[in-house]
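Novice: In order, the protein sequence lines correspond to chains A and B. Read left to right, the first sequence gives residues 3 to 507 (the working numbering). Read left to right, the second sequence gives residues 7 to 159 (the working numbering).
Take the hints with a grain of salt, since some may be wrong.
To be verified - Below are the DSSO-like pairs computed for lysine-lysine, each with C-alpha atoms no more than 27 Å apart in a straight line: (1) B:Lys130 x A:Lys278; (2) A:Lys318 x A:Lys32; (3) A:Lys374 x B:Lys130.
Said to hold, decoys possible - Derived, one-sided and incomplete: chain B residues facing chain A with beta-carbon distance under 10 Å: (4) Trp36; (5) Ala39; (6) Arg57; (7) Val61; (8) Val63; (9) Pro105; (10) Ala109; (11) Val121; (12) Gln156.
It is worth saying that the hints were derived from the structure and are not from the lab. Note that the Cβ used here is the ideal one computed from N, Cα and C, for glycine as well.
So you can see what is in the structure, the chains are spelled out below.
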Amino acid sequence: MTETARVSILVACFLVLAISFLIGWWARKKVTSPEAFFGGAKIFGPITIGLATMAAVGSAFAVVGVPGLIYSTGNTILLFMFAAPAFVFGYLVIGKKVRAMAEIGTVASLGDLSDLRFNRHRGIKLMLSLMLFLGCAMYLAAQVEACAVLFQNLFDWNRLLISTIIFAILIGYTVLSGEIGGILTQAFQGMVMVIAGLIVIVAFFAVTGGFGPVLDAISGSRGAAAHLNPNAMTAWGVLPGAYSLAWVLLPTLGLMCQPQVLTRMFALRTPRDMPKLSIYAALSNVIAGMMVLAIGYCAVYLVARGTLAPLAAPDKAVFKVADYLGVFTQVFIYPAVLAAALSTSSLFLSLAGNIMSRDLPSALGFEIAPAKQMRTSQIAMVALGVLAIAFASVSGKMVAILGTYGFGTLTAATFPIFIVGLLWKRATSRGVMLGMVTALVGTIGCVTLELMNKLGATRFSWPGGIPWYINVLAVSVIVSVIASLVTRRATDEPMDPHVEMAMEL
Amino acid sequence: MNRGGNETLLMIASALLWLAIVVLGGMSHWLAALYALLTLVGVYTVLGAVRGGRVDVGLVVFPGLLWLGMWAIAFVVADLYAVLYQGRSPDHTFFGFHPSFAAIIVLYWLAPTAVMAFGFEAIKDRWLPEERWAAFVRSVSERGAGEKEQARD
């Protein structure tokens, strides 16, 4: 790569960072109350929320990990990336209920939502806080690691230094403007990803001539010599079928209860905007999906034609393709990777701040005065950011593994409360609490087991190769339903009539 | 229809479907598990369309069931061609894609996304009529005003 290209990419990346910071700085004026800081401002329109949601859902894993998986294992992972209808499904099924809750009381966090539905049940809130915090930590550290890898690919810089600079800026604007700045910066970062996506798609066609030549190339002799498998081009790729099942299930049922989606539902000005939000979220997700498809296929094409050497590290596919496509594409792809990491990080940073200053204390039985909540949250964000940087710099490999578990962990954390709870009036506090305990214990146990497997200490495999988070999610939902049925008569839980109305909308 | 009773039955059905998914998946019948998943999504779609104990069938059918129907066909076609061309190049392609993956592109991704996103916009007045939302907001604010009055007294 030429020095001019390196400098151009660096300038483009820091432009994304600088604009994000300026948006955050400007947005601090809109923080007129602690509720607004934490996410309770119902002021945003569907375009902003649609782009912000797509950007926060599309983490660095989507832009870096997915093309790598397409290159190494074929189309399987695209079942996950192509589940755009799941956005609409979520809004259609629970969107108006979640947004209506925000009219009944102050809803600035998922804990507030849980309080309304389950009569301030502290156990559920505690389990939710712990699970969300676990998911936040996994996601955050993985984004730090992704940024370090991004810049390490360009310059031989110190990982700790890179992470510190980027995350100092990120923490700065998130601390200044909370969720208001978070949503606006995420919308901007989503726009960066969409523009990069469109440019990559055009570049893909210019280089390959279409999808047919990719299929021809991988089926040819050079493809075989590069150890590329033509079966990768089928719908199920070359991974065991269990992955196809997991990667259809996880977004279809998991997207609607991701914090990136749920918290944006109650930030919307009116629920009547939700269908428009669906269009913007789904279409921007389609462009992101096309972008990673184009990058992954381009990597396959270039290697199968012998233009690039076989990739020793598939995660580098996005950078290898960008470098091949030239400086014009590079100045969009690299910032898009950064934008994906930043948007997800800022969301999980504010979520963690929210948990530490509001949800966790209240679940433990003490309240921090509203005036002090913002300060506590800001301190928590800085502390967690520093911890994430330290963790990623000490154990990047482990962080990358944990990062892939974030989505499943967060789904298990929220599904019993917000899907079972909002769709079923007879879901009891005790039932959901038991489901949450199952999810927490299952997640901690399975993550430990997985890490031991990776380190070679154990050789455990799940029946049929189904990923652990699917099993944990299924068991926690089943336990929530059965326990609710069993405890229905034992518990007398009068529901707020307006909560009942919200669930009936 | 008894209020809440059918929702409970649907929720029990959902728990059984979750069980079916992990059992079928665990026995390596992952394709069957995928169809169980589609049924489960259908159950949640019905639950999301319940109002006053009654299911709004129109809301379930369009766009929800249309979407799930497309996904079901996508899985059948995708698997058919994946098996047919296992270990060799396909005789024909669609838009340059392997026919197995073309089914996913069209029937799993692009067409269902368009149907769901634009279909939702088309049914938005049925999903949440303006007057129903206004009545809800009015009811909440009246209670708020009442509570403030009580606090003053």
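Novice: Going through the earlier hints one by one, which of them does the structure break, listed in rising order?
Specialist: Failing hints, ascending: 2, 3, 7, 8, 12.
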